[in-house]
Every structure is written in C-alpha cells, then in structure tokens.
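**Q** Hints in hand, dock the two standalone chains.
Protein sequence lines correspond, in order, to chains A and B.
Mapping to numbering that gives the first Met the number 0: the first sequence position 25 is 24, numbers consecutive.
Mapping to numbering that gives the first Met the number 0: the second sequence position 69 is 68, numbers consecutive.
Some hints could be false.
To be verified - Sample of chain A residues at the chain B side, in silico, Cβ under 7 Å:
(1) Thr49
(2) Gly50
(3) Ile51
(4) Ile52
(5) Asp70
(6) Val78
(7) Pro80
(8) Ala82
(9) Ala83
(10) Phe97
(11) Lys100
(12) Leu101
(13) Lys102
Claimed, not checked - Lysine to any residue pairs mimicking SDA-like chemistry, simulated, CA-CA at most 20 Å apart:
(14) Lys105/A <-> Glu5/B
(15) Lys100/A <-> Arg93/B
(16) Lys9/B <-> Tyr86/A
Rather than coming from a laboratory, the hints here were simulated on the basis of the structure.
Positions of the beta carbon are idealized from the N, C-alpha and C atoms, including for glycine.
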Amino acid sequence: MKIIEVNNLKKKFKDHYVVKGVTFDVTKGEIFGFLGKNGAGKTTTMNMLTGIILPSEGSFTIGGKTNQEIDQIKRIIGVMPDAANYYYDFTAIEHLIFFSKLKNLKMKKSDLLDILERVGLKGHEKKKVGSYSFGMKKKLGIAQAILGKPQVVFLDEPTSGLDPESAVEVQQLIKELSQEGMTIFLTSHNLVEVERICDRIAIMENGIISKIGSMEELRALHQRTIRLSIKIKKEDSFIAHSMKNHLVDHVSDVQAKDQYLYCYLYNEADIPKLIHYLSGQNIDIYEVKTEKATLEDIFFDRASGDEIDMIKTCFLHFMD
Amino acid sequence: MKAIVEKEFKSLFKGFKSIAVIAFFLVVCFAASKFFSNNLDILQTDHAESAYVSSIRALVMFLGFLFVMSLSHDAINREVENQTIRFLVTKSARSSIVIGKFLGIFLFWLICILCSFIVIGLFAKQIFVFDFLQIMCFIAYAVSLTILISLVIKKPSHTTFASILLGIALPVVGLWSVISTKFISEIIKYILPYYYIVKGGYYIIFPFFLSILMLLTALAIFQRRDL
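Extracted from the complex, chain B is given alone in its bound form (with noise of 0.2 Å):
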C-alpha cells in the first residue's frame, strides 16, 4: 500500500494543474493574512479568530470538490482503461489499491492545507489545529467521493465532465440544503458535509464518518470488480 500512496502523491505534484492549486492557495492565504494584520480593527470582533482561517475555509467550501475532483476524478478509471491496474491487482491487495489512492490524495491535499495554515499562522502568530482538523475532514469527504466516482464511472473522460458538474453543484446545493426549509434539503444537509462546517464544533466529525462510509463503498464495487 505504501507503494501505491507514494506514487499517487508524487505524481499529483508532478502535474501544472497541482502546482497551480497549491500557488492558488497559498497566494489567496498570503493575501488575506496580509490583509488582517494590515487592518486589525476588523480582527476586534468576536469572531476575530476565525477571520484569519476563514480565506481557506472559503476557498475549500466553495472550490474544494472542484479541486479534488480535477485534480483526482481519474484516479482509478484511468488505471483500469489504460490497464495499469492489472499489474498493480497481481501485486497488492485490492483494498490496498483502493486505501492507498485515497492516503495519496489526501496526504498531498494535507500538505497543501498544512502549507497554508503555516502561512496564516505566520500571521497571526497562533496555530489554528481545530480549523485545520475540520478542513481536513470536509477534504477527507471530497477524496472519498472522487475515489467512489473514478470507481462507479467507468471512463475518465466522463469523470471528467461529471467532476466539473460536481465540483460546482454540491457548494451551491450543500450551502443552500442548510439554509433551506424544504423536506429535500433536510436530507440532503446531513449528506453533504457543508451542515457539519457551519454546525461547527465536534459536528464535523460526521463529514470524516461518511467518508469512511463512502470508502468502505469503494472498496465493496472494486472488490467484486473484473478487471
């Protein structure tokens, strides 16, 4: 398993596309810490905290599924069309395969995040661990659902496209599902992790239960998978 977790995170970092996203966030980050200790008199609130995490709780809130999901809609459909998987399938175990994709992928989002959250703690000179664990978790979530897609869709360039759909549709839809009222969106809030953000607190451990949940998924579907 460690085989497949340290040639996923390498090559996610081999990409432009990768490289363009970790820049992303830690100029967005830079800026807004930039910004906050430039003009402390909005820090004197309550939520004076938060207001340095919240450019990255943002960007991962609103652009967080279309990132994992570009950058990893393909991370299993390509292997099985390019047949790469039946190396990889007569040499490790297929939970292996499975697992490790989904550490790969969260480890390099883990050091994007982390890389961040060192920028703003420069900042405002204090470590933000809470935030960073419920960012971690919504990432946790996202991985998961792109490894559950890469695996029920079979062809990458529909990932692809189903990705893109994805990674616009569940911000708008998880962040209207917690302001709405309608009997669809009562379902849908405790589906997608955005209820458990804004709850706050230990409720964001639920969005890291649904993506074991969605994991364990995965792994039934290519368990019984002929490759």
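Just chain A, same shape as in the assembly (with noise of 0.2 Å):
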C-alpha cells in the first residue's frame, strides 16, 4: 500500500527551479531514504511534503490526502526538520508537552518520559534546551517527531553531527519505529547509514530523482552489481582480454592491475562460469575476493568512472 505518492512535485526559488520535478512513492511501512549531496533539493522535497514551504506546481499525496489537504496531513505525519530551533528558555518534556498539545494528543506526562527515554534523554527532561549539546537536540528532535506515533516520520538527516555510538542507536530506533508499523522517511549525507537501513533509496541530483529503488535494484541499475578480484601470478591484460570476448553474456568488464584481474558480473551465478573458464586457460588462482556495489559506487556511478578508465587504457593499446 502506497503512503506517500509524489507525483511531479516542482519549487521555483525567484526564477530558478530548485526541484525540477520528482515523481515517487513510498510503501507503507518501509524506511525510505533520500540522498543527495548539498543543494541536490532533497531537503526541499522534504519541506514540501511536510508543509513548510508550498509547491510551486505537482501535487502529493500522504495517508490519501492530498496536497490541498495538508492541514488533514499534519494530523498523521512527525517532522524533524533539520533547520529548526528550539524555545532555549523550555526544557525537553515543556517542549513535548507543547508539541503534544499542538497535535491535540492528550499524552500523559509518564508517556512523554518514555519517548524521552527512548531517545535517549532519560536524566535531562528537566534541563532547559538551551544547555543541550548538538546531540542532544537531534534526539529531541526525533523525540517530537514520533509523539503520537504518527503514520510517517520525516527525518532530516536524523544522525548528522552525531558520535558514532548515538548514530547506531538512532539508526537501531530508525529500524524499531518502522518495525512498530511507522512509514520513515529520511534524508542523509551517510551512505553506509542508508545501505545499511534503508529499504529503498531515491538518489536525487540538480532537482530531480536520478536513481530509485532497492539496493538490488540500483545495484542492478548499476549493472557492475558484483565485482570480483582475482589474484593471478602476474598481470596478464591478454587474459583479460580474452575474458571479455569469450564471458560475454557473464561479465560485463574485466581489467588486469598489477598480480589481480577485476571483473565485473552481472550476477552471482556467473563466478563458477569464470573460475572454469581462467582454469581451462591453465591460469593459477592464488586468492579469489567477491564485492558487491555499495551504495557509495552507485551515488558516485563509479562505474562511469571505470568505463572512462577503460576507453583510456583501449586508447593507449591501439596507439600501441
């Protein structure tokens, strides 16, 4: 079941579009995320899907409600924006009391220690915002986000500025949020943190959603989905070659650097293909390594970096 459907969803900043037109939905339950590098419009995307800023033209859809209904939206979502303050003079439970109140849940003090507890700011629920380290605010941001337990959690880059211990538990609260039923919906700049969660990722460059899907699925985009080191006796770029020519329909590339050869496969099922094929040629395999594409070579496409690396080394033979 579709919760959230973005359908040609564009902001114009002045005379410029800073989100050029982003369709995609999201499943409910599922922790998705949202990566970009700074100015990529993720953030943007967020603020308008959360009400803080209005669509210059497309519309959404959030709990079947849609756009022209964002005050009926409110009702079922939590928010932590990333560029927001807190009232320095509340402390952590005045802040939640107030928020709840603004939700119109009636929340029994008890309840808001537990949230608090969770995030854990057990100990610091009576000291006034102000005080708090940067840390600190990130959790009580989430801590308001999740007040009532809202259908969808839209999380502004949740771990940035965190030490790594708070950010796995952040991350672990991520998992069991989604677990107890809550659609995420996160923005990060860590990679690792959105393989590692993320059941599905859009990658959005200049304004528009340049890739989107499961890790299987970018990594099938991808298409260099495994890549597997081989060490030989000595560089052989004619193996290599000859790799290419006769493992056609199994690799996708394969390039010889120092005593390894690096070859791209299509899938898993295509590594004994290889392994036969290196053995026939009488080639002595002394160690055999298997890497699938993380997240980083999808966001970065490496392999536009890799292909560019080939055309140049092809260049270079044939002037040889």
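**A** In structure tokens, the structure reads:
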C-alpha cells in the first residue's frame, strides 16, 4: 500500500527551479532514504511534503490526503526538520508537552518521559534546551517527531553531527519505529547509514531523482553488480581481453592491474563459469574476493569512472 | 490553537516589560479613581459616569498602540527568524498559528484592562461594561495591526523600530484626522479607530470589523509564505 505518492513536484525560488519535477512513492512501513549532495533538492522536497514550504507545481498525497489538505496530513505525520530551533527557555519535557498539545494529543507526562528515555534523553528532561549539546537536540528532534506514533515520520539528516555510538542508537531506533508500523522518510548524506537501514533509496541530483529503488534494484541498474578480484601469478592483460571476448554474457568488464584481474559480473551465478574458464586457460588462481557494489559506488556512479578508464586503456593499446 | 494561545499568553506575562505595563495601567487607574472619589464635585457634570474611565481610555488611546506593538511586534517574525516556526507549522494549521497568536496577545490585554476596570469599579461602585467593550475593540484593532506588521516586516529588529514609530505616530495622526477637514484626513479617520471612539456608541464595532479584516489579510499572507 502506497502511503506517500508524489507526482511531478516542483519548487521554484525566484527564477530558479530547485526541484525540477520529482515523482516517486513510498510504501507503508518502509524506511525510505532520500540521498543527494548539498543543494540537490532533497530538503526542499521534504519541506514541501511537510507543509513548511509550498509546492510551485505538481501534487502529492500522504495517507490518501492531497497537498490541498495539508492540515489533515499534519495530523498523521511527525517531522524533524533539519533547520529548526527550539525554545531555549523550555525544558525537553516542556517542549514535548507543548508539541503534544499542538497536535491535540492527549498524552500523560509518563508517556512523554518514556519517549525521552527511548531517544536517550532520560535524566535530561528538566534541563533547559539552551544547555543541550547538538546531539541532544537531534535526539529531542526525533522524540518530538514520534509523538503520538504518527503514520509517517520525516527525519531530515537524523544522525548528522552525532557521535558514532549515538548514530548507531538512532539507526536502531529508526528500525524499531519501522517495525512498529511507522513509515520513515529520511534524508541523509551518510551513505553507509542509508545502505544499512533503508528499504528503498532515491538519489537526487540537480532537482531530479536520478536513481530509485531497493539496494538490489540500484545494483542491477548500476549493472556491475558484483566485483570479483582474482589474484593471479602476474599481470596479464591478454587474459583480461580474452575473458571479455569469451564471457560476454557473464562479465560486463575485466581489468588487469598488477597481479589482479578485476571482473565485473552481472550476478553471482557467473562466478563458477568465470573460474572454470580461467582453469581451462591454465591460469593459477591464488585468491578470489567478491564485493557487491556499494551505495557509494552507485551514488558516485563509479561505473562511469571505470568506463572512462577502460576507454583510456583501449586508446593507449590502440596507439601502441 | 489552544496551545499557541496559552504559550503566547504565558510568554507575555514572563517579560519584565509586560509586568511594568500592567503595573503602570493599574497605578494610573488607581490614582485617577482615587482622585475622582476624593473630589466628587468634579463628577457633578453631564459626563460624571465617564469621568472614572477617562483615565484608562486616555491611556489606551494615546499609548495603546505603543504598548501593544512594543510587547508583541515580533510575535511571528521572531518565530520565523529563530526557525521555531518550523515545529509549529508541521504540527498545526497555519490559520491556527495566526489566530492563536492574536488570541494569546488579546487575552493578555483583556486581563490587563479587566484588572484596571475592576480597580475603577471598586472606586466608582459601578460596572462600566460598554466602556470596557469599547476599549477592547480598540485593543483588538491594535493587536491585529501588530500581527499584520509582524508578518509583513520579516526582521524583528525592523519591527522594533516600526512599532515605536507607529506607536507614536498613529495616535497623533488618528486624533488629527478626527479634527482636521483635509481630504486625506477624511480617508485616514475611517481607517484608524479614533474617529469611531470619538463618535462613541455602536460605532465602536467598526474597529472590530477592521481588526477582522487585518487578521484575514495576515492569514492570506501567511498561507502563501515559505517558512
């Protein structure tokens, strides 16, 4: 079931489109990661979905309510905006009391304390937020976002600026919230984090979504799903060339460098065929390592870089 | 909306300026009422009843804008500048934020004016309901204008300046428009609340309508603003 459906959403600031038309959907209960470099438009998209800014064009629905019914959407979402400040003369518990009243939630003080405990702020509830560290403010941001167990939780860079231990705790909390049935929409710069916790990922570049899907789908799109490093006796560009010609349906590319052959395969089933071919050519194999394409590879589109390298290599061979 | 009303109301009571304003109102009303009760011969006129409320009426007419604006000029733009508005706007309807702010500030002044009228009532041994409503209509106008200015002018530092300027200029211009016969004053007198106060009676309902009009304008601006 789709809980968020976004259709050709655009945002124009003065004469410049920051978001140039994004279309995607998010399934109920999934953790959806929104990735992008600074200025890619991911926070602007999130701000449109949460009512902070108004879309210039396009539409969206959240929980069946359209963007024209944004006030009803606010009842079913929780939001941790990236650029937002607290009332520094308020304590954490005062913030939660105020925010729960804003959302017309009837919550007991003990429930609010439970939420603070859950995000690791137990014992700090009576301190003024002005004295909080950056990390503590982030945790309070998550606490206020999950008040009343909303259907969809929007988190803008929830772990940026957190120490590694706190970041892992927050990632664990996000997974727990998803298991409890909440849909999580998060933006992040942390590729490892997104790869670790997100069910589906959208990569945004220059105001458009360039790639979207699960990790497996993104790897498939990336084509070079598996990278196999094979250690042989000595550098052998002839065998690399031969493999590319004879295993054209199984390998997308083979590069020889030092004692290694770097083979890019379409799927795991191709590994035995490749080993079998090398054995048939009397090549001694000393070591085999497989690596799946990481989100970092996909994000930075490493394949394109490799292809350029490959073209350069071919060009140099041709000149020789 | 209730939460915003409550927060705005309480935050006004926290500041030193607010306490000073309430104290000032009470002291002036107390002193004026005591003066009138000790000099009953002054009250043997056609306007005896209104003599008691003259002090608070003068206070509100001359200093009402200045007090309301200086206390609440940054009601909305401060939240936008500090980005606390992002927590409000993702949890509550934009209309609730504007109306909540209006009601919170209005409630503060309602309590302040009510206390002043209680002091006056104790001396005069009379309840001045109509005068109270008249002054509250004026206050509603001042609060709506303050909210509108806080939305139109984005920087709180600019509204600090604007509130002082308008707080002084509006009573002067307003009272001048009532007595002047120039064409421009004919327009201004219908926009500002002073003409209706001077006319008295049910004319006082007009500042209240103007207040609603300004609040609707503020709402329309806020609904279209990126935060």
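**Q** Decide, hint by hint, whether the structure agrees.
**A** Here is how each hint holds up against the structure:
no., hint, result
1, Thr49, "holds (5 Å)"
2, Gly50, "holds (6 Å)"
3, Ile51, "holds (5 Å)"
4, Ile52, "holds (4 Å)"
5, Asp70, "holds (4 Å)"
6, Val78, "holds (4 Å)"
7, Pro80, "holds (4 Å)"
8, Ala82, "holds (6 Å)"
9, Ala83, "holds (4 Å)"
10, Phe97, "holds (6 Å)"
11, Lys100, "holds (4 Å)"
12, Leu101, "holds (4 Å)"
13, Lys102, "holds (5 Å)"
14, Lys105/A <-> Glu5/B, "holds (16 Å)"
15, Lys100/A <-> Arg93/B, "holds (15 Å)"
16, Lys9/B <-> Tyr86/A, "holds (14 Å)"
Figure legend: structure checked against the earlier numbered hints; every hint is met.
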